[in-house]
Every structure is written in structure tokens, then in C-alpha cells.
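**Q** Okay, here's what each chain looks like letter by letter:
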Amino acid sequence: MKRLNIGIVNYEIGNYASLQNTIHQIGYRCQISHDKKLLNKCDILLLPGVGAFRPAMEAIKKKGLDSFLVEQARHQRPILGICLGMQLLSDGSYENGYSKGLGLIPGEIIPLKNPRWHIGWNNIKILRNDSLFESSNGKSFYFNHSHTYQGPTQYQVCKAMANKAIVASIRRQKVLGIQFHPEKSQLEGKILLKHLLSKIDNA
Amino acid sequence: MRYCKTCLQPDTRPGEVFTKEGVCLACKNFLLKDSINYEDRFLLLLEILKRFPRSKNTIFDCILGVSGGKDSTRQALWLRDKLHLNPLLVCMSWPPEQVNNRGVHNISNLINLGFNMIISSPAPKTFKNLMRAAFLRYGNWAKSTELALYSSVPQVAISHKIPLIFNGEDPGQKESQALGDFGWDNNNLRNLNTLCGAKLDWLLKTEKNPSKLIPYIYPDFKEFKKKRIQIVDLGWFLEDWSFNTNGAYAVSYGMEPRSESPEDTGDPSYVSSVDEDWVSVNQLIKYYKYGFGKATDYFNEEIRFGRITRENAISMVTRYDGRCNKGLISSFCDYIEIPLSNFWSKVKKVTNKKLFHIGKNNNMQPLFEIGTDL
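Read top to bottom, the protein sequences are chains A and B.
Positions 9 to 211 (my numbering) are the ones given, in order, by the first sequence.
Positions 19 to 392 (my numbering) are the ones given, in order, by the second sequence.
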């Protein structure tokens, strides 16, 4: 088996330890860092995130990680954004006024309406053939968000059904985002995460 | 009863699921072994250790549950000499009537190798009563003792504020237990077949005073979370984790192996559960329940490692499974204070009648041949 080294991009907003714990549990080495040299040596970069879009983006910029992540994506480095991390991959967000995102996946983040949040367990359904998600089709994951992705259907991979469809995952080549929390989704979360990490480079 | 196509695992083993090709879980996992990068796993272990730095006011880095047997001796030395950790060893000791001289020697040997140890001894009367209840209820006396044994370790971890626990599953069970898919994390150990999710209701029927059951209480998930308890299966990180390697390693460091013939004990490995002798009684009953005993576990591993052919193993397993000296059965009955006739009537009750014909004088005739589907 190829040695996979996972890097969690640390911009000091979010609970990185629980994600690292989950990555360890599924058997991968994983470092939490904002050191670009160190992250550059990782095979896959994880971009977690909790809270609001604007402060997260500002924190990323402050550490100079925005241009770094764009550069990494250009060089085909697999990147996985989780929850707010997924939203940061987009062009921008209308959360508390408009702020620009990393622009790695076309589309924008808009507030949820009726209800204004999506919290709890929900099934995901795949919208198109994607070997990364097929085995998790119909499985339940834990969501906790109040804003959602809106963008071209070609980048939407999975949805979750609330009052209406909510985009659960997006993808552009090796840049991948999931709106739910695999690290809080028990066994199914681990299975999916293991699958994503082991296959993302070749799928 | 079906047998695995590559080894002698029967599908009667609790939790066993064969593949479509008729191969058991353990063999399926063993084949994947070649693709595992153990060097990488070692680096992963170092990363995990970093998450559990030694707490203030303690000189210990981690807890290790031990018996002085092959697995614990190997692990204790490995933690100290390879990982440079200072483990606090925790041993649940059998009551004086149960432990044998070898067990006493082995635990002393481990202390003499330079380790600190906490020995917990559950109150012997309660221990005996619960053991009797476990036997009469389940035909498995270890059902209560395993609870005390497994619980002692996280209990000490919590009381001593040392959240990192190492253990090493019996290599015979390692590949096939239903512990989830993710290798080293043993925080769900409570779901092991013998522990039954650490439920206590049946114990309370025998011992009405809950305070006497404290040694049998496995701390619950909430407690684990609150105290950041993490149990790590060390065996997952070691490529050569097996009966033979662990046994050889431990014996070379002074562990005394079993000296009785496998004709009397049913244990051809000579190194499994050596600190007390009634394990053979339990293995005998397991054989009547499921059609396999210790010899199956041991030779299955030997088959996988390519050290014996399946054919040759058939004759060995036929020879040793279900062997147990009669003296052990009587001493067991004396200890739990039941007449021999009660023992056999219980055993007959739990015997799988599709696998055994019960003849006169408690003579159980197997209706199957080892290695041939029934």
C-alpha cells in the first residue's frame, strides 16, 4: 500500500483534533500544520472549518494559505474541504455580506431558507456516477450548517433531501468538498473518509 | 457446519462470515497482510503517542493490562524498549484457588523485568459465586471473570488519570472478532462476544448488592469520552503478532510455558492462557458448543503462516480439540461447588446436538469430521 500522508490545513479556526483522531482511526498518518513546506509534502490536503465564512477566509489569507491552496490545486494535489471547508472552495459566499472564496470550484454559498438551518443526520444521494461516493449512496451522515452551495450541476456530486435538495458534496477533478462531517458520522463516516482518501488521487 | 476452504475455521464460530468463495474472515484478512505497510503503521503509532503526552504528576505514559503471559510480556517489553515509554502494568489476579504456580511465576517474572504493576484482586467469594452463575447460565464460566479482567484496566486508567491504554488481542481471535473495521482502535472492546456489551443485569441476579459488582463494571462510553480514554491494540502495529512469535519472545524473557501435554489440556501451543488450568474446561465446552477448540485456533494460524498443510493440521486438530483431563473437570466442580452430574447436565444442554451424539457416561461422539463440511 502506498504511504499516504494527510495534511490538515491549520488556519486556527476549528476542531482539528477530532478530525486527526478519525484519520488515525482509519489508519492514516496525519499532520496538522500551517507550514507550507510541510503541507507541500503531504499527499492529500484536508480543509476543515467551522463558524462563519468571512473570518475563516481572513484567517486563511493571513497565513498566506489562500494562494498556496490555489497553487496546490493547480498542481493536481487532492484537496478535501469539509463543512465550511467545502464552502471555502467556492467562488464566494453571501454569509454576512459577500466575501470571496478560494475559487477552486465555480459556484456560490447562499443562506438556507425554510428552515434556515440543516442540522442532524440525513441520507445522501448521488446525482451522477462517481466512484468516490457510490458505495456511500443512501447512507446517513451528520450535517450542521446554515448556508449551502449553489452552482453549476456539473460540479454537484451528492445531495441530501430536506425541505428541498441540499448539495451534500461538490467536486472538480481532485478538489472535493463535503458539506457533512465524516468525523461525526460514526462508522459510515469513517468508511466514506477512508474510501475518499484512498481513491481520490486515482478517481 | 461448513469449513473455511483454506484453513479449518468452522462457520459456527460466533461472528464468523465466510466470503462467497468460502474463505473465513481471518484468512481473508491474512491475505491482505502483504499489502500492509507496517513501517507506515509504526509511524502512525508514533503520531498517536504524540496525542497522549504524559500527564503532570505521574511518571507513567500508559497503562497495559497484563497476565504475565506471552502477549503481555511481549507488549510490556516492546512499549518500554522500543517506544521508550514507561507503562503502568495492571493485572487482575485470579483468586488463590484458581491461579497456578506458573501464573504466579510469570507475573513475578514480569515485575522482575523491571516494571511497576498494580494488581487487582476481586473479592474471592463473589468471584466464585459469579463464576458458578456464569457457568450455570451460559455454560461459560469466563463470562463474569472476563468482565472483571477487562474492566480492571480502564478502571485503573481512570483512577490514575492515565488515558492511554494498550492491549493486544489474542492472536487467535484478532483477525475474526467483530470489533469494527478500523484496526487499532479498541474503544469498542466492550462489544466482544464474551463481554456482551458489558451488561450487568445477569450478575445482579446472583449478587444483589451492586457495590460488590464494582470490579465487574466496565466504564461506559460517556466515561471514556470524559476521561479521554483511548485503548490501542498494539498487535495491529506488529507484523509478526502471533501465538508462536509472542510465545517465543516471552519464553526467552523468562515466561514459563505450559508443561502438560496437549492431550490433557487441548492446547498444542503450550503458551495460551497458562496462568490457570480451567481454561481447558472452557475450551472443552466451546468444542461441544461450536465444534472447535484451542487446537483449531492454533493450527489455523500455522496454516496461514504456511508452517503446516491443511491436511496435516486436520489430524492434529482431530487429535487435540476437545481434550481435557478429567481431573481438571472435577477440580473445577469442586471449586464452584457443584456436583459432577450437574456439570455434565449443563454441558449436555449447551452441546450442539447437530454436531455431537450424546452417548452413555457423558460420551460425546462428534458427528463431523474435522475439515469436512457437515
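For the record, the hints were derived by calculation from the structure and aren't laboratory data.
Among the hints, a few may not be true.
[Claimed, not checked] Straight-line alpha carbon distances no greater than 20 Å define the calculated SDA-like cross-link-like pairs of lysine to any residue that follow:
#  : chain 1 : residue 1 : chain 2 : residue 2
1  : A       : Lys207    : B       : Ser53
2  : A       : Lys202    : B       : Asp29
3  : B       : Lys243    : A       : Ser26
4  : A       : Lys49     : B       : Arg59
5  : A       : Lys202    : B       : Ile54
6  : A       : Lys49     : A       : Lys192
7  : A       : Lys207    : B       : Asn205
8  : B       : Lys378    : B       : Ile354
9  : B       : Lys46     : B       : Ser73
10 : A       : Lys192    : B       : Pro357
**Q** Now look at each hint and say whether the structure bears it out.
**A** Going down the list of hints, with the structure as the test:
no.: 1; hint: A:Lys207 to B:Ser53; result: holds, 16 Å
no.: 2; hint: A:Lys202 to B:Asp29; result: violated, 29 Å
no.: 3; hint: B:Lys243 to A:Ser26; result: holds, 12 Å
no.: 4; hint: A:Lys49 to B:Arg59; result: holds, 18 Å
no.: 5; hint: A:Lys202 to B:Ile54; result: holds, 15 Å
no.: 6; hint: A:Lys49 to A:Lys192; result: violated, 27 Å
no.: 7; hint: A:Lys207 to B:Asn205; result: violated, 27 Å
no.: 8; hint: B:Lys378 to B:Ile354; result: violated, 25 Å
no.: 9; hint: B:Lys46 to B:Ser73; result: violated, 40 Å
no.: 10; hint: A:Lys192 to B:Pro357; result: violated, 53 Å
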